[in-house]
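Enquirer: Residues per chain are reported as follows:
Number of protein chains: 2
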Amino acid sequence: MTRLRVYDDTKALFHLPDGVIYLDGNSLGALPLGVAERVSRVITAEWGNELIRAWNTAGWYAQPRHVGDRIARLIGAEAGSVMVGDTLSLKVYQALAAALDMNSSRKVVLSDTGNFPTDLYMAEGLIATLGRGHQLRLVAPEEVEAALSEEIAVLYITEVDYRTGRRHDMAKLTAKAHALGIVTVWDLAHSAGALPVDLAGCGVDFAAGCTYKYINAGPGAPAFLYVAPRHADNARAALSGWMGHAKPFAFELGYAAAGGVERMRVGTPPVLAMAALEASLDIWDRVDIKEVRARSLALGDLLIAEVERRCPSLKLVTPRAHERRGSQVSFAFEGGYAAVQAVIARGLIGDFRAPDIMRFGITPLYIGENEIVRAAEIIEDVIAGEVWQRPEYQVVNAVT
Amino acid sequence: MTRLRVYDDTKALFHLPDGVIYLDGNSLGALPLGVAERVSRVITAEWGNELIRAWNTAGWYAQPRHVGDRIARLIGAEAGSVMVGDTLSLKVYQALAAALDMNSSRKVVLSDTGNFPTDLYMAEGLIATLGRGHQLRLVAPEEVEAALSEEIAVLYITEVDYRTGRRHDMAKLTAKAHALGIVTVWDLAHSAGALPVDLAGCGVDFAAGCTYKYINAGPGAPAFLYVAPRHADNARAALSGWMGHAKPFAFELGYAAAGGVERMRVGTPPVLAMAALEASLDIWDRVDIKEVRARSLALGDLLIAEVERRCPSLKLVTPRAHERRGSQVSFAFEGGYAAVQAVIARGLIGDFRAPDIMRFGITPLYIGENEIVRAAEIIEDVIAGEVWQRPEYQVVNAVT
Chain X
51 MTRLRVYDDT KALFHLPDGV IYLDGNSLGA LPLGVAERVS RVITAEWGNE
101 LIRAWNTAGW YAQPRHVGDR IARLIGAEAG SVMVGDTLSL KVYQALAAAL
151 DMNSSRKVVL SDTGNFPTDL YMAEGLIATL GRGHQLRLVA PEEVEAALSE
201 EIAVLYITEV DYRTGRRHDM AKLTAKAHAL GIVTVWDLAH SAGALPVDLA
251 GCGVDFAAGC TYKYINAGPG APAFLYVAPR HADNARAALS GWMGHAKPFA
301 FELGYAAAGG VERMRVGTPP VLAMAALEAS LDIWDRVDIK EVRARSLALG
351 DLLIAEVERR CPSLKLVTPR AHERRGSQVS FAFEGGYAAV QAVIARGLIG
401 DFRAPDIMRF GITPLYIGEN EIVRAAEIIE DVIAGEVWQR PEYQVVNAVT
Chain R
51 MTRLRVYDDT KALFHLPDGV IYLDGNSLGA LPLGVAERVS RVITAEWGNE
101 LIRAWNTAGW YAQPRHVGDR IARLIGAEAG SVMVGDTLSL KVYQALAAAL
151 DMNSSRKVVL SDTGNFPTDL YMAEGLIATL GRGHQLRLVA PEEVEAALSE
201 EIAVLYITEV DYRTGRRHDM AKLTAKAHAL GIVTVWDLAH SAGALPVDLA
251 GCGVDFAAGC TYKYINAGPG APAFLYVAPR HADNARAALS GWMGHAKPFA
301 FELGYAAAGG VERMRVGTPP VLAMAALEAS LDIWDRVDIK EVRARSLALG
351 DLLIAEVERR CPSLKLVTPR AHERRGSQVS FAFEGGYAAV QAVIARGLIG
401 DFRAPDIMRF GITPLYIGEN EIVRAAEIIE DVIAGEVWQR PEYQVVNAVT
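Chains as they are written, first to last, in our numbering: chain X, 51 to 450; chain R, 51 to 450.
Mixed in with the good hints there might be a few duds.
Identical copies carry no separate label here, and so any pair may be met within one copy or between two of them.
Claimed, not checked - Calculated lysine to any residue pairs in the SDA-like style (CA-CA distance at most 20 angstroms, straight line): (1) K297 / P167; (2) K297 / A404; (3) K61 / E100; (4) K365 / E384; (5) K340 / C252; (6) K222 / C252; (7) K365 / E427; (8) K157 / R182.
For the record, the hints were derived by calculation from the structure and aren't laboratory data. All of these numbers come straight from a predicted model, not from anything done at the bench.
Taking the hints into account, I'd like the entire structure generated from these sequences.
Expert: So, in structure tokens, the structure goes:
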């Protein structure tokens with residue numbers, strides 16, 4: 051398998067519309083050219099011709115595990131430790147349920163106010179269902195380390211903050227958590243495909259992530275769940291569906307969990323979405339995530355320098371230190387919502403996150419220096435020219 | 051919108067491989083011809099060109115509700131009462147969690163041994179998570195009515211038995227359940243698209259179903275959840291993801307459920323799979339489910355008569371009475387596993403369900419009398435000719 055050079059070889063493997071600079075691949079990755087053909091083949095040749103037989107003949111049944119192994123390589127996970135399916139909300143739920151079960155004498159889930167809200171909402175729902183007096187404790191991101199104590203059952207955080215791009219120190223926090231008897235659940239939504247992750251090296255217990263952001267597998271693409279091999283045969287599957295049964299096709303009346311991470315499967319896997327994910331991984335299999343990271347940091351530095359030089363009213367909220375940031379650059383600006391609408395109207399797609407964050411994702415597979423400089427020019431036009439104050443950019447859309 | 055005649059107009063709208071008689075549409079429906087183009091358009095024109103903007107411009111965000119309304123018509127549900135997403139395992143879990151919450155002073159979930167195992171497994175998992183002493187009580191299907199009592203919290207059953215095709219009387223059981231203060235959860239896996247369902251008329255509380263069987267939306271297509279409008283603003287969302295939040299894009303730290311069935315959304319919807327479902331519904335929008343049902347019963351009668359005449363060793367396990375059966379015909383046969391392998395090798399695709407059931411699904415949109423008679427001939431060849439006893443048909447595959 052020939053190695054692909056990041057950007058130089060990979061940009062041509064994506065469809066990007068003319069006249070658009072896309073700095074929102076941290077929300078929905080761009081379309082790999084191989085996706086349409088792959089999905090079409092699965093529809094026509096597998097579903098159409100093989101019909102039900104394709105569960106065996108086309109390998110649909112084993113696909114969530116095989117695709118999991120391809121993702122494992124990107125996140126430093128052991129082979130056989132990653133299962134694909136469902137959505138990230140459901141995967142963090144499964145992880146948290148198993149983690150709380152492992153540490154049942156403690157009642158506090160520690161998270162931070164920079165976690166993505168769905169993680170917090172799912173935890174609230176789980177805590178209510180458990181009805182055993184658990185508490186979801188939120189602290190500021192910079193206070194997480196100090197808040198670790200022997201009272202905490204589970205450390206439940208997202209490595210990279212979806213708004214600011216601030217990155218937690220996974221190795222350090224996991225080690226301190228373990229020293230205090232805390233089980234760890236890491237959300238990799240803004241890590242997988244963005245930067246090297248070393249789950250095995252850090253000794254992480256559980257992790258989950260999505261594939262529609264940096265991995266470029268398409269809107270609503272399936273999520274993944276990592277369970278450390280040392281836990282996989284014992285972790286309780288709270289969402290105990292038939293695909294995670296030890297013998298799904300024996301149709302027994304009683305549940306018996308499959309061995310390993312297989313038990314974290316729930317229902318029938320989304321075969322068409324999985325095909326798109328496989329096509330996106332065809333690119334990831336051939337790039338070096340360390341090269342992606344080096345380019346991401348250089349491009350991020352360039353964007354920061356260009357925007358700060360041109361727009362002093364934008365306040366950088368992403369850490370400057372390389373080791374403390376993910377693969378996005380965010381600025382706080384009071385008129386942020388309107389400014390994002392205005393830059394989008396000029397062909398620069400970024401996004402807005404409440405209350406005042408203008409967010410720009412760096413995806414080196416298809417974004418290079420020219421795009422970054424052009425993005426800074428557009429931001430300058432909108433901010434310095436006060437374009438953002440025009441009435442048409444104040445209208446709030448349903449979804450941003 | 052011109053009405054389509056079942057089979058006469060609809061058969062040409064499906065891809066069916068040459069030389070195959072497909073009586074397994076109750077497991078995975080055949081491919082509607084419109085799917086490949088629709089999915090391809092969503093990939094290229096929406097994801098590819100619109101990128102993140104498509105959540106608004108292509109209507110992705112509102113799609114689970116709009117598609118739910120198209121399914122509502124097939125199952126006698128009120129507009130705005132059906133939400134699409136996730137898998138059937140997860141949707142019955144959400145329904146059962148909400149139902150138990152509504153009836154929290156009672157602790158017994160009543161189901162039957164004919165329920166599909168994943169429903170039972172998910173209930174086991176929920177009961178363990180709840181940890182409040184709930185009990186899953188299983189009775190034989192014919193004993194369900196007598197087992198209803200004021201001790202039961204939730205009646206949790208599948209209308210049509212996946213093995214035998216036996217159908218419960220939804221109106222009668224729901225009425226008796228309600229008279230005893232029991233909340234009802236109906237699984238429509240083998241009902242939706244197979245026969246007319248009248249959720250509103252029966253006063254059902256919760257229902258869920260899948261779309262990859264009779265609805266023909268493809269492998270791993272999304273499921274749906276019905277919540278009676280009288281409950282929708284109060285039902286607890288146990289899987290409280292951000293898409294079911296009252297204001298998902300406010301990114302608040304605390305959960306607040308959306309009004310109505312919207313709260314039963316969990317994570318990001320599977321847009322590519324939803325496109326396939328929409329293409330399959332383009333056919334369903336134009337057929338009369340009552341005509342589908344009339345044809346299904348006639349074809350089922352024909353298959354029963356032809357097989358019984360040719361193969362006296364096969365014992366019919368599907369009820370003969372029309373009102374007591376779904377849209378499949380099943381026979382018990384000691385060598386059932388091998389016999390199914392042998393008929394498949396001769397071009398008749400049916401399936402096997404443990405311990406001894408040969409199962410043939412009737413899908414009148416693309417199956418007619420000729421296919422039924424030809425199927426009976428193949429079954430006769432295999433059974434009367436003792437072809438099923440050949441060694442090559444005894445080998446057990448991973449998935450059947």
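Enquirer: It remains to establish, for every hint, whether it holds in the given structure.
Expert: How the hints compare with the structure:
Taking the closest pair of Cα atoms, K297 and P167 come within 20 angstroms of each other only across two copies (11 angstroms); inside a single copy the shortest separation is 36 angstroms, beyond that limit. Taking the closest pair of Cα atoms, K297 and A404 come within 20 angstroms of each other only across two copies (12 angstroms); inside a single copy the shortest separation is 46 angstroms, beyond that limit. For the homomeric pair K61 and E100, the shortest alpha-carbon distance between copies (18 angstroms) is at most 20 angstroms, but the shortest distance inside one copy (35 angstroms) is not. Proximity of K365 to E384 under the C-alpha cut-off of 20 angstroms is restricted to the intra-copy arrangement: shortest distance 10 angstroms within a copy versus 75 angstroms between copies.
For a Cα distance limit of 20 angstroms, the shortest separation of K340 from C252 inside one copy, 17 angstroms, qualifies, whereas the shortest one across copies, 59 angstroms, does not. Only within a single protomer do K222 and C252 lie at most 20 angstroms apart by alpha-carbon distance; the minimum there is 8 angstroms, versus 58 angstroms between protomers. For the identical chains of this complex, K365 and E427 are intra-copy neighbours only, at 17 angstroms inside a copy versus 77 angstroms across copies, given an alpha-carbon limit of 20 angstroms. Taking identical chains as interchangeable, the C-alpha atoms of K157 and R182 lie at most 20 angstroms apart whether they share a chain (8 angstroms) or sit on different chains (17 angstroms).
When each numbered hint is compared with the structure, no violation occurs for any of them.
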